[in-house]
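We have chain A; now place chains B, C, D, E and F with the ligands onto it with these hints.
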Amino acid sequence: MKYIIAIIQPSKLETVHEALKNIDITGMTVSEVQGYGRQMGKSEIYRGAEYTVNFIPKTKIEIAVDEATEEAVITAIKSASETGKIGDGKIFVLDLQEAIRIRTGETGSSAL
Amino acid sequence: MKYIIAIIQPSKLETVHEALKNIDITGMTVSEVQGYGRQMGKSEIYRGAEYTVNFIPKTKIEIAVDEATEEAVITAIKSASETGKIGDGKIFVLDLQEAIRIRTGETGSSAL
Amino acid sequence: MKYIIAIIQPSKLETVHEALKNIDITGMTVSEVQGYGRQMGKSEIYRGAEYTVNFIPKTKIEIAVDEATEEAVITAIKSASETGKIGDGKIFVLDLQEAIRIRTGETGSSAL
Amino acid sequence: MIKNIKWQKSLAIIVGSLSSSIILPSAANAAPDAETAYIFNTFSFLIHGFLVALMAAGFCMLEGGLVRAKNATVQSTKNISLYAIAGLMYAIVGYNLMYMDVNGYIGSFSFWNPSETVVDDGYSSGSDWFFQMVFVATAASIVSGAVAERVKLTSFLIFVVILTGFIYPIQGSWSWGGGYLSEAGFLDFAGSTIVHSVGGWAALTGCIIIGARSGKYTDDGKVKPMPGSNLPLATLGTFLLWFGWFGFNGGSQLAMGSAADVDAISNIYINTNLAAAAGVVVAIIGTIALYGKVDLTMALNGALGGLVAITAEPLAPSPILAIFIGGVGSVLVLLTVPLLDKLKIDDVVGAIPVHLVAGIWGTIAVVLSNSDATLGAQLYGIIVIGVFTVFTSAIVWYVLKLFMGVRVDEQSELDGLDKTENGLEAYPEFTN
Amino acid sequence: MIKNIKWQKSLAIIVGSLSSSIILPSAANAAPDAETAYIFNTFSFLIHGFLVALMAAGFCMLEGGLVRAKNATVQSTKNISLYAIAGLMYAIVGYNLMYMDVNGYIGSFSFWNPSETVVDDGYSSGSDWFFQMVFVATAASIVSGAVAERVKLTSFLIFVVILTGFIYPIQGSWSWGGGYLSEAGFLDFAGSTIVHSVGGWAALTGCIIIGARSGKYTDDGKVKPMPGSNLPLATLGTFLLWFGWFGFNGGSQLAMGSAADVDAISNIYINTNLAAAAGVVVAIIGTIALYGKVDLTMALNGALGGLVAITAEPLAPSPILAIFIGGVGSVLVLLTVPLLDKLKIDDVVGAIPVHLVAGIWGTIAVVLSNSDATLGAQLYGIIVIGVFTVFTSAIVWYVLKLFMGVRVDEQSELDGLDKTENGLEAYPEFTN
Amino acid sequence: MIKNIKWQKSLAIIVGSLSSSIILPSAANAAPDAETAYIFNTFSFLIHGFLVALMAAGFCMLEGGLVRAKNATVQSTKNISLYAIAGLMYAIVGYNLMYMDVNGYIGSFSFWNPSETVVDDGYSSGSDWFFQMVFVATAASIVSGAVAERVKLTSFLIFVVILTGFIYPIQGSWSWGGGYLSEAGFLDFAGSTIVHSVGGWAALTGCIIIGARSGKYTDDGKVKPMPGSNLPLATLGTFLLWFGWFGFNGGSQLAMGSAADVDAISNIYINTNLAAAAGVVVAIIGTIALYGKVDLTMALNGALGGLVAITAEPLAPSPILAIFIGGVGSVLVLLTVPLLDKLKIDDVVGAIPVHLVAGIWGTIAVVLSNSDATLGAQLYGIIVIGVFTVFTSAIVWYVLKLFMGVRVDEQSELDGLDKTENGLEAYPEFTN
Ligand SMILES: Nc1ncnc2c1ncn2[C@@H]1O[C@H](COP(=O)(O)OP(=O)(O)O)[C@@H](O)[C@H]1O
Ligand SMILES: Nc1ncnc2c1ncn2[C@@H]1O[C@H](COP(=O)(O)OP(=O)(O)O)[C@@H](O)[C@H]1O
Ligand SMILES: Nc1ncnc2c1ncn2[C@@H]1O[C@H](COP(=O)(O)OP(=O)(O)O)[C@@H](O)[C@H]1O
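These protein sequence lines map, in sequence, to chains A, B, C, D, E and F. Taking our numbering, the leading residue of the first sequence gets 1, the next gets one more, and so forth. Taking our numbering, the leading residue of the second sequence gets 1001, the next gets one more, and so forth. Taking our numbering, the leading residue of the third sequence gets 2001, the next gets one more, and so forth. Taking our numbering, the leading residue of the fourth sequence gets 3001, the next gets one more, and so forth. Taking our numbering, the leading residue of the fifth sequence gets 4001, the next gets one more, and so forth. Taking our numbering, the leading residue of the sixth sequence gets 5001, the next gets one more, and so forth.
Read the hints as simulated data drawn from the structure, not as lab findings. None of these values were measured; they are calculated from a predicted model. We put the beta carbon where it would ideally sit given N, CA and C, even for glycine. Careful: at least some of the hints might be erroneous.
[Stated by the list, open to error] Per the computed footprint, the stretches of chain F lying under chain A, defined by three or more beta-carbons under 8 Å from a beta-carbon of chain A, are:
id : segment
1  : 5161 to 5175
2  : 5223 to 5236
[Stated by the list, open to error] Below 20 Å or equal to it, Euclidean Cα-Cα: the simulated PhoX-like pairs (lysine-lysine) are:
id : chain 1 : residue 1 : chain 2 : residue 2
3  : A       : 60        : C       : 2042
4  : F       : 5224      : F       : 5344
5  : E       : 4224      : C       : 2042
6  : E       : 4222      : E       : 4342
So that you can see chain A by itself, here it is in the shape it has in the complex (with noise of 0.2 Å):
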């Protein structure tokens, strides 16, 4: 199995959400988060100080999923989250060893 994280723009969560749906993943979990990276922050001006924010917000989704769907997960947050601009995020991709679902104990993929 894979445990997959995507940095997106929180803007794009819910076209994310809807592709994911369509492709059935029934499970993802989604955080805040602040990121760094290309996309410079804005220099913004607060009573006459200029500043530069470093940091823009995020949306950070974690999916785990089986192998067997990872490519599909991974074309469908693509293509959903894409504007062409600086700042649309990353996929990363990791392996994932075990999962299990509390309410049931069910381990493996039939967990997700």
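Showing chains B, C, D, E and F with the ligands alone in chain A's frame:
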């Protein structure tokens, strides 16, 4: 070593925390996340318009453990957070290659 | 590639960020978490009743790096965030199997 | 230099003093002297004007609490600015357009200056200006909430300049300025139509021309709620509006220098409070009945719907009738909020149901208790003021659209207006 | 139709006018005429009534800031609803139960209507109703805070109907309505007992019958604090209460039509402010001494404890005595807050220490400055009102428990009441 | 026992009553009797005092909204405490130091007690005390905001004790107490210098001695902004200050018992409002011109700058001049905020630009409309009050620094003062 990620019901954090303390787990990191899964979001009405809250508040716990305690930790989390109702959450186990304690520079199991 | 997760003191974020910029790390993702560890929570009094704050605010940094820079990143984080006091935090290193830049579709090291 | 002071109301004062000698015979030879009455009348304008000013803060909190966090700085900016602009424009041109030498359709174009008042005038001219000024701000506040979360800040402020300097005063001259509507017998004691519906019509026009927030109405006909970010703040705003309304309606008695006047003000406070209370209770029972839970935002809107409804005639109704008028105002709000969504008119805070719809109801309801009112005259006033406000507002919004745009671009809307318009987050540490 | 207007106070007015001719000889032949006095008296009720109304907003902010975020929508809903319900119930039945033809133990059951007042009455009957009405809401607000975070919304609102329509007015008729307590010499100028302790007793009864919040008291005898979610809001609420209290106590002079009356109101404002100030300072020094840090929530409670304590007699004390009375009120709050926790009585906002305990102290403290007061009469009043309120409140809470339940189920409590009762989060973007 | 009541103002009253017989001949034989005037005058102090008290809540909200979340509990604590301390100290020693037997440079050391007033005095002595007391709190509030986010809570509170009990009253005795400055012809109607600049000077001294927040100015000469945590709250605070200012300036007429007085109060309300409105509009246009976006915090400061500027003479200016004075006040604020940063003087909320700089401007601007004012006397007053306040404040801050420290240690500052000083988070659920 293993990196355990558990997604649980927010109201279960305290019990899980107790259970882990009881098996001498001395460290963990907790964050607030939004979950999407079989437990469908509730449908609410705001100013006469119905809508579904897709994402449900969940709590994410991350614990780095050595192989020896992996099983105990999983069992502790599982039994402390189980209610039997849909939405209880998941436990994911990833492989952890290295751990470093910043303060002392210790590495490996002794850093946990 | 490696996926580095560092839990640090919130007040050290800026120094760590500087240190990483200095070794040309161009991307990272940051979030606010609550930590539990040897640094015990403070005991506070609210309206005459004592209680212990178990969880302490921490900052979590996630950085995907290629093998070549792994060491430099760890050293940079370590030296920039160390105060020598309990609670300085940990660095965890996981194996990263794939990285994809959403905007361009680049994969592997060049996606970081 | 004779000012066409609120026509039907100067009459009311005369009637008031007559009646006081009838109702209160024992006081006939112990009435306040002219200067004492002058002080009371003037002070009533000032203190009640202060209460109405509080409503500007109330609107700001209500609207700030009902928008999403990413737009709350802009909403605060709009509200404090509009109060400032209204105050300046009403001095620069508004007051004299509304009250100075009204020829039936319009007053005169000139800067207002306090005139030398003598005790015989009954009150200080400045205090009257102050009281009228805070009313203008109310009309502008109404628009602010409806078009929130997508309107361009500068365009909105320019609209406020025109609304408070011209549109509001010109239509105001027709009734309170002693113009043709007052001669036609149109009665609107404290402004259900003249203030609230004018704001409501301008808001409606704005909502239609500016369009809905992006994503609010999906292609498959669904409505996507965008819940307010700070409901305790919105509740505070409603309380401030409610209590400020004692000034709005009570001060509109325009005098406090006789027992009859202060009796009237007492009645007005009571009816105002009962109408609002009925509005809350109706909304609570109504949302439980309709949706199974109490929608707090509807309860807040219900209070305001009750208040707007009683505003056209807060003096004459009995307590029971005040409860009825306020309750119906709230029912109308409950029904109109989803209706607007069906029409894809995106009113962020419910300003149109509250101020326009309940305002129309309140203006009609005058006939229930005031025998001087006729349904014909009331409808006439409602319609001509509505047509005028929609027409002039539409022109202003269209011209703004043409020359500078009336809404921010879609990315700014997604990111929140606070970033593009202010470069400042309202709650930088609470939201991501 | 003679109304048993507040007995000892109408006396006060007479004494007032007598004394004015004594203290103020130079004005003997230049006193305000009857109609001027009528306007002053009436306006005092209205403007001071407005200030008391502000207290409803103050309670809402204080309680909204002291509950956890997941219950803040319900808390806002309760506060705006109870003000609405109090206003309606006091018209429907409350006022006449309290003031109309009181036979010693109860007035008459009837809908209130403004009576034709004549100048000789001294003030407009409607203004008096308005002023009395806002007091009722205060009593209900007190209960709202104590039972927060677990009470069922609908049950609470029904309790408010009974409290404001019946319990409060009936006991009020005994003293302010001219009933047996006033004849027994019980003195409570602005309501330390009649308003605040009544609210406090009802709150205490509610807390016991409803039970503590789940998790508040652990099996091993520990107390688990549940810190408030928005302390700046709670501070705002306290400021609004403090300043609204000028109306609460100042307006309770019930007249402003003579130099003696307005002198009295000045004294009342001063003593009210000094007592509250002493309450804050005592709480700050006290929490530093006891706990090493300043507990802001205790400082807020301390201000209110001082205010409640001075309420029974805000006129007679010298400044020093006012400081003493307020300071002791705050000490009592400091001591009672942890005491209640020891008794596992879960009062979310400290309503019982502030309104009940400091209220009892204040009622007793009347004897320190008012020579007409006797300890016996004061204790008598405290006890009979306490017994009556506890008894009737208990019946209502039990009946509600039996028929519809008085608290939400445990899961709802864990998830927050806002979800089950309102389906709306107070701060959807600030919390998870 | 004759009190040196505000010298130039008692004169104003006399002139007022003279002029009323000139301006208002028709009322000559129908003026209010002495007791009626007494009631009006006293009530003006009380109700306008209430409005000024509201400003304490306004400062609390403004400052609470402009600090970071981790310091908002301390900020709330400071604001409610300083209002309490000011109220006590002004009774214990302040009022008599300022107004009792002023020998030119200082009054007498004694506890204030209400004196027996007779109608001939014109107003109740207690009401005057109340009105003066709320002014003291204002001066202390100003300091609170400037030194926020690093000052030690207890040291700050001790500073407030000295400021409100001694520094403010002593310099106040020189002008309003009838001392040497009033004899020198220094004119400051409601306190641009006497209240606002005094607070501003004390704030400036504090900022310099305490030092900037750690990290605010980087070694490479950059300024690191630390944005406020709750801008809607800061906006509410500004509205409360704005509207409370009607009491600040309006009540400073010190009388309402004649048509001339209430005319004056009307003018004051109007000018106060116009100056603030101009301040907002100037700040909006100014920040767009300078920075391309509207800086809401500057708009709020702009309103306050306008208000402070008009405070020294809110009566005499024409509407146009009031707009000008307020607008210039706002321009000065816009320019001084970044200037202070260049000087590495860290004023968290802009108190120094608003209260000190605009206060100096306002005091000078008196000469534009009041022919009794001379530039020399105005500058003389500004300078001696400035020197005295800086000198005495510096001593107090230094002594505090020596004996207990004036700022928290760096780790506490990083973690937020709320943890070390209060042990309570302001928003435990909204921030990490
Ligand atoms: N090496 C990295 N490790 C972890 N997160 C990263 C890394 N690089 C980028 N990110 C995340 O991805 C987001 C987008 O990256 P950025 O370089 O700005 O744009 P793009 O992905 O379009 O090149 C960043 O804001 C950050 O949250
Ligand atoms: N495939 C997945 N990847 C990541 N997180 C998941 C996944 N499936 C479920 N989750 C998380 O677990 C939570 C509970 O899952 P859900 O399917 O609702 O109930 P259950 O685990 O009882 O079957 C979700 O809200 C989500 O946060
Ligand atoms: N086993 C662990 N798994 C995950 N996070 C941990 C673990 N141990 C510690 N942490 C995180 O590191 C932080 C610091 O750890 P702590 O034991 O307090 O201090 P130190 O690292 O200096 O020994 C904790 O607050 C927690 O967030």
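These are the hints, each one checked on the structure:
Check on the segment 5161 to 5175 of chain F: 0 of its residues sit with their Cβ under 8 Å from a Cβ of chain A, so the three-residue criterion for coverage is violated. By the rule of at least three residues with a Cβ nearer than 8 Å to a Cβ of chain A, the coverage given for the segment 5223 to 5236 of chain F holds, with 4 such residues. Taking the CA atoms of residue 60 of chain A and residue 2042 of chain C, the gap is about 31 Å. The hint is violated against a cut of 20 Å. Distance check on the hinted pair: residue 5224 of chain F and residue 5344 of chain F sit about 11 Å apart at the alpha-carbon level, within 20 Å; holds.
With a C-alpha separation of about 15 Å, the suggested pairing of residue 4224 of chain E with residue 2042 of chain C holds against the 20 Å cut-off. Using a Cα cut-off of 20 Å, the hinted pair residue 4222 of chain E and residue 4342 of chain E holds, with the two alpha carbons roughly 9 Å apart.
When the structure is compared with the earlier hints, violations turn up for hints 1 and 3 and for no others.
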